[in-house]
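Required output: the full structure, derived from the provided sequences and hints.
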Amino acid sequence: MNPQNFLSKTTTRWFCLLAIFLLVTGCTKTLQAGQPGGPAPAVVEIWHSLQGAEADALQGQIQTITKAHPEVIIKLKYEPEQNFVAFSYQAEAGGEGPEIFIASRDILRQLYGQGALAPTAYVDQEAFPATLAGFRFGGVGYALPWLTDVPLLYFRTDTASVPANLADLFSAKGGISLTSLATATLSTWWNGQGGQLITGGKPVIDNPNNVAFLQQLSTWQGNKVLRIDPNALTAFAGGQTHYMIEGASQAKLLTQQNVPWGSVPLDALLNGQGQALVGTSLGIANSEVATNDEMRPVIQTVEKALLTPGVEGALMQAGHLLPANMGYYRLPEAQKGVFPQVDSALTKAWPLQGDAPEWKLIPLQDEAWSNVLTGNASPLEALASAQGKAGSALLAKGQP
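Note that our numbering has the sequence shown beginning at 29, numbered continuously upward.
No lab work stands behind these hints, which were simulated from the structure alone.
Be a bit skeptical, because a hint or two may be false.
[Stated by the list, open to error] Label-pair ranges, simulated between beta-carbon atoms:
1) Asn237 / Gly300: 33 to 41 Å
2) Gly222 / Pro108: 38 to 46 Å
3) Ala424 / Leu298: 29 to 37 Å
4) Gly416 / Asp186: 45 to 53 Å
5) Gly416 / Gln284: 43 to 51 Å
6) Gly338 / Asn237: 30 to 38 Å
7) Glu409 / Asn259: 27 to 35 Å
[Stated by the list, open to error] Straight-line alpha carbon distances no greater than 20 Å define the calculated PhoX-like cross-link-like pairs of lysine-lysine that follow:
8) Lys417 / Lys388
9) Lys417 / Lys280
10) Lys332 / Lys103
11) Lys388 / Lys425
12) Lys417 / Lys230
13) Lys332 / Lys95
14) Lys425 / Lys230
15) Lys230 / Lys95
C-beta atoms are modelled at their ideal positions from N, C-alpha and C, and glycine is treated no differently.
Encoded structure:
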């Protein structure tokens, strides 16, 4: 036999064997969703309430997530806040709706109350305890904290300095302004001085510590060093007010307006005592209808991706809320400005669960505070009236 023909035939056999081997191994390899020849990508629909720059930022982050996870297609749908609960409930009642909701804490509480949410598919290991508690009902997490806020004390660095304590603050020339008088704003000072709403499972709105705190508020207002001003932020930026309590998220706006400002957590004036009630928060929840064994892994993938520091940071830059997870505050860029104070405040914040009875009593206390500061009642009268309504409030059904 011609040696060249022999070599040619031998080479051809090896190529054939190699081709067969590749064909067999290719057929036996598990094909992945989103890969050529594999199953079709899973579709995850997200209903959200974001608008403007925040909605655009979410769309951009979703595109990045789908590039990193070709096994999933994510569809976004905007729902106005005023229609969000009713529309979502109607959809799920008909066996439809999205896999994931992104909405405010209040909206998600209402959806939970209607049975529209399933326990979270993803377990968030980076959540601050207080932000996570706000979405827990019966000890079970029904949403994941995404973006949030917490109150801080701001001062103008050109005309004021950090006060040593509350007495020092309220003796300062110019006083302090608040957009609204509410437990959510002053919770750190209120509970830091012994304020309570529930003791031993019973309401105690009119307890002596609550009366003393309300008397204190009334005295400060009477001395014109505590002002309730819907335009407090504008007054502070214009220099009419030297001190102000506002959400930490407002620091970005003050910087953009070139306002000389500084800030401290509210507990700094009480030797570290007191816990802030977490402010406005957005959460991520998965729906009762769409969360099943088949979709759970895909929902987990999307929720995990949304909760990364990079995504939360991008939404913060576009909007007005701050990352709700500890991971962001470990980044180099979060070691300056307002972020270390936010980290401190959120670490110590009041871990009030979403179905805690205090949520039903806080509006009664807020009403009592308002009645006193508008001159309609004395502190003792206002809190006694609130205490009289507390039993009925706790027994009322509906939103937790």
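Within 30 to 38 Å: is that where the Cβ-Cβ distance between Gly338 and Asn237 falls? With a Cβ separation near 44 Å, Gly338 and Asn237 fall outside 30 to 38 Å, so the hint is violated.
Agreement of Lys332 and Lys95 with the hint, judged by alpha carbon distance not exceeding 20 Å: Judged against 20 Å, a Cα distance of about 15 Å means the pair holds.
Is it true that the CA of Lys388 sits at most 20 Å from the CA of Lys425? Given that 20 Å is the threshold and the Cα spacing comes to 10 Å, the pair holds.
Hint check for Gln284 and Gly416 - Cβ pair distance inside 43 to 51 Å: holds, 47 Å
Note whether the CB distance of Gly416 and Asp186 lies within 45 to 53 Å or breaks it. Given about 48 Å between the Cβ atoms, the range holds.
Keeping to a limit of 20 Å between CA atoms, is the pair of Lys332 and Lys103 held or broken? Holds. Lys332 to Lys103 sits at ~17 Å (cutoff 20 Å).
Is 38 to 46 Å a correct range for the gap between the Cβ atoms of Gly222 and Pro108? holds, 42 Å
20 Å limit on alpha-carbon distance, applied to hinted pair Lys417 and Lys280: violated, 40 Å
Range agreement (Cβ of Asn259 with Cβ of Glu409, hint 27 to 35 Å): Between Glu409 and Asn259, where Cβ atoms are some 30 Å apart, the hint holds.
20 Å Cα cutoff - pair Lys230, Lys95: Violated, at about 53 Å.
Hint check: Lys417 vs Lys230, CA-CA at most 20 Å. Holds or violated? Holds, because 13 Å separates the two Cα atoms, which is no more than 20 Å.
When you check the alpha-carbon spacing of Lys425 and Lys230, does it fall within 20 Å? Holds, at roughly 17 Å.
Consistency with the previously given hints fails for numbers 1, 6, 9 and 15, ordered from lowest to highest.
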